[in-house]
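Trainee: Line by line, the protein sequences give chains A and B.
Under my numbering, the first residue of the first sequence is numbered 108, with each subsequent residue one higher.
Under my numbering, the first residue of the second sequence is numbered 28, with each subsequent residue one higher.
Bear in mind the hints are in silico, worked out from the structure with no lab data behind them.
Don't be surprised by glycine CBs; every beta carbon is placed ideally from N, CA and C.
Treat the hints with care, as some may be off.
What the hints assert, rightly or not - Here are some, though not all, of the chain B residues that point toward chain A, as calculated from beta-carbon distances under 7 Å:
1) 80
2) 133
3) 247
4) 262
5) 264
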Amino acid sequence: MEAINHLPFIVGSYAAAFVVVALLVAWVMIDFRTQRRALADLEMRGFARRSAAAALAQAKEEA
Amino acid sequence: MSLIDLANPSRFLKFADRVLPWLGGVTVIALAFGLNQAMGAPDDYQQGATVKIMFLHVPSAWLGMLAWGIMSIAALGTLVWRHPLADVAAKAAAPIGAAFTLLCLVTGSLWGRPEWGTYWVWDARLTSELVLFLLYLGVIALWRTVEDPSRAARAAAILTLVGAVDLPIIKFSVDWWNTLHQGESVFRFGGSTIYPTILVPLLVMAVAFTLLFVTLHVAAMRNEILRRRVRTLRLMRAQATN
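Produce the entire structure from the sequences given, and follow the hints as far as they go.
Mentor: Right, dumping it as structure tokens:
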């Protein structure tokens with residue numbers, strides 16, 4: 108009887124944990140896709156960081 | 028590969044790409060095992076079935092504090108050594124620490140209602156935990172308010188170090204003040220007061236939650252490094268078009 112009375116609190120706790128963890132995982136995954144897409148888009152337009160641009164120029168010179 | 032080698036953002040990105048699938052896999056297995064242990068644990072002789080809330084509440088509380096501890100070390104790295112990954116680590120840890128602290132507060136309330144007869148009471152442990160959550164929100168807001176990441180990092184680092192004062196207050200609040208919250212029962216002089224059939228699942232869940240935190244933190248740090256690269260390239264684009 109006591110377990111049944113307390114069941115909503117137990118289920119509520121585990122549901123809250125599931126929601127928090129799911130939101131954290133979704134945030135990390137969506138953010139990764141967003142940043143990777145933005146970076147790929149900028150690099151496709153010819154913008155590269157100085158170190159990456161220098162490495163590319165050196166590779167072209169050597170070729 | 029040493030820790031010093033990982034201080035380079037490019038090397039860290041390669042490291043993150045390599046370890047994250049493994050970390051994620053181990054975390055899922057650990058969480059499944061921990062939940063299985065938690066569900067199989069016997070009821071407490073006084074608290075009955077509500078003791079199952081402890082398997083979420085206690086690891087969340089520990090990780091909320093651990094995350095701020097990591098942010099404090101990272102804050103020293105930002106202010107003293109100007110470590111390239113220090114503010115990335117601090118910024119990435121803040122939302123995760125805030126989420127675990129919120130989970131600690133929510134599960135604590137849901138545990139408190141059947142045991143204490145109330146969802147909330149302004150005792151020292153609960154209030155200091157709420158202060159930690161508000162500090163997290165403050166640091167996150169600071170990061171979002173200051174546009175330049177290096178300036179934001181220094182301001183957030185100072186707030187983080189000031190906020191670290193709250194960690195010993197949370198830990199020792201149950202000893203220093205007369206609180207409704209129970210006293211220390213796991214890490215204490217004279218050994219744990221929790222019976223092994225409940226203590227073991229609790230420690231397994233703590234390890235699983237720690238693995239979850241590490242996985243999320245490495246992934247969030249990778250995202251933050253990418254975000255800064257995107258910002259640099261957008262600035263370059265803006266300069267090129269002007």
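Trainee: Tell me, which hint numbers fail for this structure?
Mentor: Hint check: 4 fails alone, others pass.
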